[in-house]
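Please construct the entire structure, taking both the sequences and the accompanying hints into account.
Following my numbering, the numbering of the sequence shown begins with 256 at its first residue and continues without gaps.
These aren't lab readings, by the way, just hints derived from the structure by calculation.
Treat the hints with care, since some could be wrong.
With a straight-line Cα cutoff of 25 Å, these simulated SDA-like cross-link-like pairs (lysine to any residue) come out [claimed, not checked]: (1) 421 <-> 450; (2) 421 <-> 372; (3) 421 <-> 452; (4) 421 <-> 384; (5) 421 <-> 470; (6) 421 <-> 474; (7) 421 <-> 337.
Quantities reported herein were computed from a predicted structural model and do not represent experimental measurements.
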Amino acid sequence: MRLDWTRDGTAAVTEALESLSEQDFQAPSGLPGWTRGHLVAHLAANADALTNLVAWARTGVETPMYSSTDQRNADIEAGGQRPGSELRDWFTDSAARLDTDWAALTEDQWQHAVRTAQGRTVPAGETVWMRNRELWVHLVDLDLGNGFNQAPIEFCSRLVTEIAAKRADQGPALELHSSDTGETWQVSGSGEPVRLTGTLAEMTAYLSGRGNPVGGPELPAWL
Numbered sequence: 256m257r258l259d260w261t262r263d264g265t266a267a268v269t270e271a272l273e274s275l276s277e278q279d280f281q282a283p284s285g286l287p288g289w290t291r292g293h294l295v296a297h298l299a300a301n302a303d304a305l306t307n308l309v310a311w312a313r314t315g316v317e318t319p320m321y322s323s324t325d326q327r328n329a330d331i332e333a334g335g336q337r338p339g340s341e342l343r344d345w346f347t348d349s350a351a352r353l354d355t356d357w358a359a360l361t362e363d364q365w366q367h368a369v370r371t372a373q374g375r376t377v378p379a380g381e382t383v384w385m386r387n388r389e390l391w392v393h394l395v396d397l398d399l400g401n402g403f404n405q406a407p408i409e410f411c412s413r414l415v416t417e418i419a420a421k422r423a424d425q426g427p428a429l430e431l432h433s434s435d436t437g438e439t440w441q442v443s444g445s446g447e448p449v450r451l452t453g454t455l456a457e458m459t460a461y462l463s464g465r466g467n468p469v470g471g472p473e474l475p476a477w478l
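Shown next as structure tokens:
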């Protein structure tokens, strides 16, 4: 678990939101069909949803992340229409509640099984990684000039490893080399592997579908 990554990511998003005007919140984000307001609503709702899983781990009472996928989507759509000041407060307050509830878990409770919105059964400790992904990837999606070079190096390495596995056999074969860390990843797929080299931050952006700074085959957005 890396709660330090979570707290740093929360601080980075909070800082990015501080200077936004109402017009800025309604401007498009880096995700098709979503404004920045929708994206902030999603991040805030995600913290609330993970808090539900933490409650499940603490009490043993099954508490799903969301009541349904339709309700999740409706809440994000409605949340995206809220004033920017309310969205800031929602993001800040929900993140603080999640951090407080994490701190209350015992060592055993961190290992209690919970179920994600995708139906995976995971230990409660996995909620920290789930939150880290949301924060650092969607910080980039706010389209305010933030990049993966701001994220922790170890976070980017773990994220690239995870995405490489999830993209297996879903597109072109790739061989990725990080010029600054020396790491290499293989992505199985069609054809001879396309060999690409770039910094770890560039590889993270490319493999997550947030730009193509290394000149590789186009990939859809992940997460």
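Quick rundown of the hints versus the structure:
no.	hint	verdict
1	421 <-> 450	18 Å, holds
2	421 <-> 372	17 Å, holds
3	421 <-> 452	20 Å, holds
4	421 <-> 384	16 Å, holds
5	421 <-> 470	21 Å, holds
6	421 <-> 474	13 Å, holds
7	421 <-> 337	34 Å, violated
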